[in-house]
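We have chain A already, so just place chain B with the ligands on it with the hints.
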Amino acid sequence: MIRTRNLSKSYSTGRGKVQAISDVSLFVDTGMTLTVMGKSGSGKTTLLNCIGGIERPDTGSVECFGVDIHALSNRDLSLFQRRNAGFVFQAGNLLSYLTVSENIAFPLVLNAIPNKEKDRRVLELLEKIELSDAARAMPNELSGGEAQRVAFARAIAHCPKMLLADEPTASLDTETGKNLVGLMFALGKEEKCTIIISTHDQEIIKLSYKSLDIRDGKVKGPENE
Amino acid sequence: MPFTFWIKTAGLFLVRSRRSTTVLILMVFSAVATLIFLASLAIGINDAMIRNSVSLFSGHISGFNLPSTISRKSLFTDGVSNVLMRIPTQGILSHSGNLAMVTLIAVDPVEEKKSSAIWKKILQGRYLEPGKKEIFLSKPVAEQLNIEPGDNIGFSPDPDLPPVELAVAGIYNTGMYQLDRGIAFCQISAVPAKAAEWNAAIFLNDGADKDLILAGYHKAYLKDSLFKTWSDLMPDLKQLIDLNYISMSIVMVLVFGVVSLGIACAFSIFILKNLREYGIMKAMGVTPSETLLLIFSEVILLNLAALFIGIIGGIAAVSVFQRTGIDLSAYTSHNQYFIVSGVVFPRLTTYSVWLAPCLALVFSIFSAIWPAVLVIRKNTSQILRSI
Ligand SMILES: Nc1ncnc2c1ncn2[C@@H]1O[C@H](COP(=O)(O)OP(=O)(O)OP(=O)(O)O)[C@@H](O)[C@H]1O
Ligand SMILES: [Mg+2]
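In the order they appear, the protein sequences are chains A and B.
Residue numbering for the first sequence is 1 to 225, as defined by our numbering.
Residue numbering for the second sequence is 1001 to 1387, as defined by our numbering.
In isolation and in its complexed conformation, chain A is listed as follows (with noise of 0.2 Å):
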């Protein structure tokens, strides 16, 4: 379960002060999904950084899984992470010197997951992105469609609680697009793993147990507490 309690945070910038996100509060059960859709410039990642710990908000409070993460030293925030979290954003997740199949191990390792387990998952998860062929091969000699699927393979490799996805598909034709969120919610799904995914494609809405919609920093679905 996430939750997130009147979570505020601004910017001083060259405009003067931005308010990215005010008052949020929003509430998704383990193991479901939620889609956050705004228009750019409406708060989404700033957002999503603030519930996986990415960013520190100004006030409120983000609970994940019982954890008040705000709350824990960085050091403290860090191993929540690893443990329990997993990124995707927008293009360029992956860490550009290791190969795709060390990209998948990394947080297997970060979690000192045994040797012989973490080679089965990662062919495991090779296998599931259809990505089987190309577990030696570097980042930069993928397509974006691919580069996503091993970006969402390495984000759900350690089985975490949360995945995070900050405008997964905004790099990739709305086909390719649709693929990939579909293959986030299955997977999801199986492995029980609470999504919430930032887009402003429909298509993606649909596919979404709920969603909400974020004007200006504010929250203005259902979802609203």
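Among the hints, a few may not be true.
[To be verified] Calculated pairs, PhoX-like style, for lysine-lysine (alpha carbon to alpha carbon, straight line, at most 20 Å): (1) A/K118 to B/K1008; (2) A/K118 to A/K161; (3) A/K210 to A/K178; (4) A/K116 to B/K1008; (5) A/K210 to A/K161; (6) A/K118 to A/K128.
These aren't lab readings, by the way, just hints derived from the structure by calculation.
Quick look at chain B with the ligands alone, frame taken from chain A:
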């Protein structure tokens, strides 16, 4: 989290960013190899000054007024290559009315030729030959007596005795006051031995510890005699050599300071170019200390590779010139510390091999601190947004 995983990852980062790794390695390599060579050259110059100064006449250790109970043989201890026996006699040289007060030093010409170099400073004639009643004297003395090689002159150690007749074998000039004024040489049996005391010029093997050998002599002969090393007898040379070491070290630190600015920039770019990688890792839950471990592993691995080939390169360059020597005669001909030969042989020592690599490692690690701190302080959202 296994330490080895980070080292391995650092290795992969380096190997797979081939071009920048190569450029950085070349930079560190050339700096290190050059400085190893320069340090070895400085050592070689010091060696040459010592070699020139001691080999001309005095040896590494000089023994004064040794009683005849101390034999030449007994001074051959570990590390001693030769001991030259010299018996001084005061007296007057005379030639057709001209007189000169000298210390006539009786030597063994064969042994002298093996170790000392005064016979190389001949102007006219030749050096002493064993068994002949000859004299070898300096240019000032020859001028005073107005003689040439082949002339016969008289030497009287005692005004009451008739002079001993000696043929002039050769005339030398060292340019050093102590060796050119009031000194002449003959071979041991040419004049009747008068003095019961002798002087020793003790020559050591390369790398032998003069102070250790001196301590041995002092322990054995303290009461009877006086031994001194070249550094006691030539404090000016000693200071010059110390000065050379110090200025070389300062130059190395300064050169490295400047070079390291370049290296520091390169390292910063090298680290910051991978900013995105570190940002992504951070999002995956890599802690700041692990990030630091990774960055410093990269820097240290890269340095070890560069230092390794740098040391090999430096040693290779030194060994080439160690064999052939570098002829600096054109710059040393008027210098009393290069009196015998201006050829310098660079030499590797612990100091010359390790100073540059140690400096390189320290400077590189220091230069990685700023970018590393920048990486761990920048938060992931900023990193991801900025690229
Ligand atoms: N680090 C930052 N510094 C300054 N301003 C920021 C920063 N991050 C976000 N903002 C501002 O906050 C607002 C929300 O940004 P955010 O990136 O969350 O929007 P978004 O919905 O993800 O947009 P997009 O769809 O274009 O990715 C924007 O006005 C943006 O300019
Ligand atoms: Mg965004």
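With a cut-off of 20 Å on the C-alpha distance, tell me whether A/K116 and B/K1008 pass.
Answer holds: A/K116 to B/K1008 is near 18 Å, not above 20 Å.
Given the hint that A/K210 pairs with A/K178, test it: the Cα-Cα distance must not exceed 20 Å.
Holds - the C-alpha atoms of A/K178 and A/K210 are around 17 Å apart, at most 20 Å.
Take a quick look at whether A/K118 and A/K161 sit within 20 Å of each other, Cα to Cα.
Answer holds: A/K118 to A/K161 is near 18 Å, not above 20 Å.
Taking only the CA atoms, is the gap from A/K210 to A/K161 under or equal to 20 Å?
holds, 18 Å
Pair hint A/K118 and A/K128, alpha-carbon separation not exceeding 20 Å:
Satisfied, since the Cα-Cα distance of roughly 15 Å is no more than 20 Å.
Under the criterion that the straight-line Cα-Cα distance not exceed 20 Å, is the pair A/K118, B/K1008 satisfied?
holds, 17 Å
In summary, this structure violates none of the numbered hints.
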